[in-house]
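Protein chains in written order, with the numbering used here: chain A, 542 to 655; chain B, 4 to 116.
Don't read these hints as lab results, they were simulated from the structure.
Errors might be hidden in some of the hints.
[Claimed, not checked] Ranges between beta-carbon positions, derived for each pair:
id	chain 1	residue 1	chain 2	residue 2	range
1	A	Q583	B	S68	26 to 32 Å
2	B	W112	A	M652	20 to 26 Å
3	A	S611	B	W112	38 to 44 Å
4	A	Q583	B	Q44	16 to 22 Å
5	B	T18	A	S544	28 to 34 Å
6	A	Q583	B	E78	21 to 27 Å
7	A	Q543	B	S41	16 to 22 Å
8	A	Q583	B	R25	18 to 24 Å
9	A	Q583	B	I15	16 to 22 Å
10	A	R618	B	S82	41 to 47 Å
Remember, predicted model here, so these are calculated numbers, not experimental data.
We treat Cβ as the ideally placed atom computed from N, Cα and C, and that holds for glycine.
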Amino acid sequence: AQSVTQPDIHITVSEGASLELRCNYSYGATPYLFWYVQSPGQGLQLLLKYFSGDTLVQGIKGFEAEFKRSQSSFNLRKPSVHWSDAAEYFCAVSPLNAGNMLTFGGGTRLMVKP
Amino acid sequence: DSGVTQTPKHLITATGQRVTLRCSPRSGDLSVYWYQQSLDQGLQFLIQYYNGEERAKGNILERFSAQQFPDLHSELNLSSLELGDSALYFCASSVARSGNTIYFGEGSWLTVV
Chain A
542 AQSVTQPDIH ITVSEGASLE LRCNYSYGAT PYLFWYVQSP GQGLQLLLKY FSGDTLVQGI
602 KGFEAEFKRS QSSFNLRKPS VHWSDAAEYF CAVSPLNAGN MLTFGGGTRL MVKP
Chain B
4 DSGVTQTPKH LITATGQRVT LRCSPRSGDL SVYWYQQSLD QGLQFLIQYY NGEERAKGNI
64 LERFSAQQFP DLHSELNLSS LELGDSALYF CASSVARSGN TIYFGEGSWL TVV
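Hey, can you work out the whole structure from these sequences and the hints?
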């Protein structure tokens with residue numbers, strides 16, 4: 542069965558500092574990969590996705606993620622964090638050509654210090 | 004705004020009761036999904052409908068059922084509610100059955116007391 546691991550439950554960074562959120566997946570083949578963000582009391586907003594091609598993908602709000610097949614990882618990065626980035630971030634995978642059922646990681650809660 | 008609309012936003016009900024959550028997908032989307040987010044289970048896929056037909060089933064309890072209507076809106080019915088059913092229920096939609104981006108609504112908060 543496929544699974545997604547986000548090793549860091551909580552991360553605190555200072556405003557303006559760089560950010561990397563880790564995501565590892567376990568799946569028989571390279572799945573579709575996604576990062577979603579959930580602000581307090583809000584729904585899930587898609588930040589970026591990887592289907593194929595260039596392994597460095599750009600998303601909204603200045604986020605990017607890099608797919609590394611050898612490490613089964615899809616880490617999310619941002620060069621300079623803003624206070625408004627405080628939220629919970631979810632990595633998710635979806636199997637190729639077998640429906641859009643997303644399997645989510647447990648989430649990483651990001652706190653931003655002023 | 005994702006374009007996926009869910010009602011109600013908040014709902015408080017007693018154990019043993021039945022509730023219906025409603026979802027309108029984005030314009031043009033044929034697939035609708037339901038997910039449950041709870042503190043102990045995280046985000047879990049419940050069920051998918053595509054153009055009115057059940058497409059895939061996840062960890063959905065037998066007390067729960069869903070359907071997608073000809074106008075493509077969907078309803079999730081939760082019956083014989085238990086305290087543990089308290090959660091945020093998300094609806095999501097996509098254009099096709101697979102290989103597409105899924106867009107989520109803001110969710111329906113269900114509290115069972």
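We went through each hint and held it up to the structure:
{"no.": "1", "hint": "A:Q583 / B:S68: 26 to 32 Å", "in the structure": "holds, 27 Å"}
{"no.": "2", "hint": "B:W112 / A:M652: 20 to 26 Å", "in the structure": "holds, 23 Å"}
{"no.": "3", "hint": "A:S611 / B:W112: 38 to 44 Å", "in the structure": "holds, 41 Å"}
{"no.": "4", "hint": "A:Q583 / B:Q44: 16 to 22 Å", "in the structure": "holds, 20 Å"}
{"no.": "5", "hint": "B:T18 / A:S544: 28 to 34 Å", "in the structure": "holds, 32 Å"}
{"no.": "6", "hint": "A:Q583 / B:E78: 21 to 27 Å", "in the structure": "holds, 23 Å"}
{"no.": "7", "hint": "A:Q543 / B:S41: 16 to 22 Å", "in the structure": "holds, 20 Å"}
{"no.": "8", "hint": "A:Q583 / B:R25: 18 to 24 Å", "in the structure": "holds, 19 Å"}
{"no.": "9", "hint": "A:Q583 / B:I15: 16 to 22 Å", "in the structure": "holds, 20 Å"}
{"no.": "10", "hint": "A:R618 / B:S82: 41 to 47 Å", "in the structure": "holds, 44 Å"}
Of the numbered hints stated above, none is contradicted by the structure.
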